[in-house]
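Peer 1: Listed below, chain by chain, are the residues.
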Amino acid sequence: MKTAVHKHHVLESRSPLLDILIYAVMVLMLLACVLPFLYIIAMSFSSSEAILNGRVSLFPVGFNVESYQQIFAYPNFFRAYRNTIFYTAAGTAIALSMMVLFAYPLSKTHLKGQKFVMKLVVFSMFFSGGLIPNYLLISSLGLTGTVYAMILPFAINQFNLILLINFFKSLPEELEDAARIDGLNYFGILIRVLLPLSTAALATIGLYTAVFFWNDWFYGLIYLKSELYPVMLLLRNIVNGTTMVGEAGGVGERASIAIAVKSAVIITSTLPIILLYPFLQKYFVKGMMVGAVKG
Amino acid sequence: MQKQEWKTRRPSLRRRYLNNYWQLYLMMLLPLAYFILFKYVPMFGNILAFRRFRPLTGPYGVRWEGFRYFEMFLKDEGFLRAFRNTLELSLLNLIINFPVPIIFAVLLNEVRNLRFKKLVQTVSYMPRFISTVVVISILTELLSPSSGALNRLLQSVFGTQPIYYMNEARYFRPLYILTDMWQYTGWSAIVYLAAITGINAEMFEAARIDGASRWQQIRFITLPTIMPTVMVMFILKVGNLLSLGFEKVLLMYTPANSVVSDIIDTYVYRMGFQSSANQYSYATAIGLFSGIVGLILVTGSNLLSRKVTGESIY
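Which chain is which? The protein sequence lines are A and B, in order. So for the first sequence, the numbering used here puts the first residue at 1; every next one is plus one. So for the second sequence, the numbering used here puts the first residue at 296; every next one is plus one.
Quick caveat, the hints were computed from the structure, so don't treat them as lab data. What you are looking at is a predicted structure, and each value in this text was computed from that prediction instead of being measured. A hint or two may mislead.
Calculated from the model, a selection of chain A residues having no Cβ within reach of chain B, i.e. all distances over 12 angstroms [what the hints assert, rightly or not]: (1) M43; (2) N53; (3) P172; (4) D182.
For lysine-lysine, the following DSS-like pairs were computed, each having C-alpha atoms within a straight-line distance of at most 30 angstroms [stated by the list, open to error]: (5) K282(A) to K169(A); (6) K370(B) to K543(B); (7) K532(B) to K115(A); (8) K370(B) to K282(A); (9) K282(A) to K532(B); (10) K602(B) to K370(B); (11) K169(A) to K112(A); (12) K108(A) to K119(A); (13) K225(A) to K532(B); (14) K602(B) to K543(B); (15) K282(A) to K602(B); (16) K413(B) to K282(A); (17) K532(B) to K543(B); (18) K115(A) to K602(B); (19) K108(A) to K282(A); (20) K412(B) to K602(B); (21) K115(A) to K169(A); (22) K412(B) to K119(A); (23) K413(B) to K602(B); (24) K169(A) to K119(A); (25) K169(A) to K532(B); (26) K282(A) to K225(A); (27) K532(B) to K119(A).
The beta carbon of each residue, even a glycine, is placed where N, CA and C say it ideally should be.
Could you build the full structure based on these sequences and the hints that come with them?
Peer 2: Written as structure tokens, this is what we have:
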């Protein structure tokens, strides 16, 4: 073993040019992903005077938490944040249950009709109703202006569903046979045997789904009135000037406060994703690999 | 074979089959109904493209109009501009952003320090999970003519006048492509990394013994092995040529940059929701047209790939 490693090193041809290129690209990648957030964080904690004079770059200048105090005192922000939490929690719960109940029968290739339903699923990935027919369906169901419009239409995502089907297919069949001998029916097998083994796959799909709901703003825009707006739509309206936060004296001061406030909204609305990300990322790569293995 | 057996045996077999499997059918009843309602009913709602819409009379229109709306948009300058813009932006984006994750994956695989490799990989996925609204908000702040970092930097180094990047037509495409690169390079690289990891280590070992340099190993082992994956990803991209990041374009859209930023999807959106008359039938016709072109692109490229490379996505 030791000699093999040794041989590896001796035979490794050196190419410093390649190494420089590789590390340059990797460092660039790291900086590109991290710096924009540092900049926004710095802005959100800086004084309006420093922002106005362009003295803020990667660290706060004239540190203060005024912008955060302002958005927390702003009732619309709280309401939008609460709405988003609700859409994310309810949407993800419904989506996961629907997809589990759909994926398990569809993982049984011998089941009559399974192939046909799979064809329906795949076809709908390449052709869909389009914006207007979807909108008219939601409004003819009477869902416009209700929280259901934000949750129900998105419960089944075909990509995630196929991931889950492939995952169920990859589980050994002996497990189910043993459970059936023990007298469990299909519901029992699914809930008591398969789901406990599926935490990585469920975490993956749950993460994708939760991120979708958390980040959604467009459907809020076309389906809802402002009391039900999710936080991302509020942010969009603050950034494009439709909605104003805070009150201040001069135009200049107002503009610079607005920048600090915008930055604070960006940070607070993205924080849950950034905080949860390190814990969840190990699951989703694993889950994605399992799903990618064709069953 | 199973099917024949099914037909020729006694009828009680059907009962026995249902006795065995009814729970599985029951299980998918609700999700299937749900799926049909939210995916297939809107698909049939496309019938509105051929029918005149009247408010409060339901989503399927009141009178047949044939291909009137199709003839209308084919003569509509606004639509033709949106169609051209979609193709140009999409092709540019494909040419520039398709190879980037492949290069990134190949280079990342050459990183010897495993901890550093893992760090870069993990950080590079993250932008994929950031909301488009946040991405565009950050971009707007960075590029702001009054306080944005870029303008300040250019001003202090070159003394240039501040530029309102987000509002100028010629910067729209570069910004769209750059933000796509920022958001999806790491994420799209996963599939190539998985393909590279699947390469047998002995192949590299043998190449090294034969004196192949690392460049040569990349050129003659890594790249040929991931070629099938590259093809499949390329088919998917070509199939999605007409579906750009609609939400991002909508967020970046300003009247001043609309010359290049008005794409089919934003045009449909404006016709449907922002024009005074809510031209639902007209907007549906455009949406249906782009959906069918998309379907033809997917099937066409898939067929071509199966013929040429033996790889296909379904």
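Peer 1: State for each hint whether it applies.
Peer 2: Hint check results:
no.	hint	verdict
1	M43	7 angstroms, violated
2	N53	9 angstroms, violated
3	P172	19 angstroms, holds
4	D182	16 angstroms, holds
5	K282(A) to K169(A)	22 angstroms, holds
6	K370(B) to K543(B)	27 angstroms, holds
7	K532(B) to K115(A)	26 angstroms, holds
8	K370(B) to K282(A)	52 angstroms, violated
9	K282(A) to K532(B)	27 angstroms, holds
10	K602(B) to K370(B)	37 angstroms, violated
11	K169(A) to K112(A)	16 angstroms, holds
12	K108(A) to K119(A)	14 angstroms, holds
13	K225(A) to K532(B)	36 angstroms, violated
14	K602(B) to K543(B)	35 angstroms, violated
15	K282(A) to K602(B)	38 angstroms, violated
16	K413(B) to K282(A)	11 angstroms, holds
17	K532(B) to K543(B)	18 angstroms, holds
18	K115(A) to K602(B)	24 angstroms, holds
19	K108(A) to K282(A)	28 angstroms, holds
20	K412(B) to K602(B)	37 angstroms, violated
21	K115(A) to K169(A)	14 angstroms, holds
22	K412(B) to K119(A)	39 angstroms, violated
23	K413(B) to K602(B)	38 angstroms, violated
24	K169(A) to K119(A)	17 angstroms, holds
25	K169(A) to K532(B)	27 angstroms, holds
26	K282(A) to K225(A)	38 angstroms, violated
27	K532(B) to K119(A)	21 angstroms, holds
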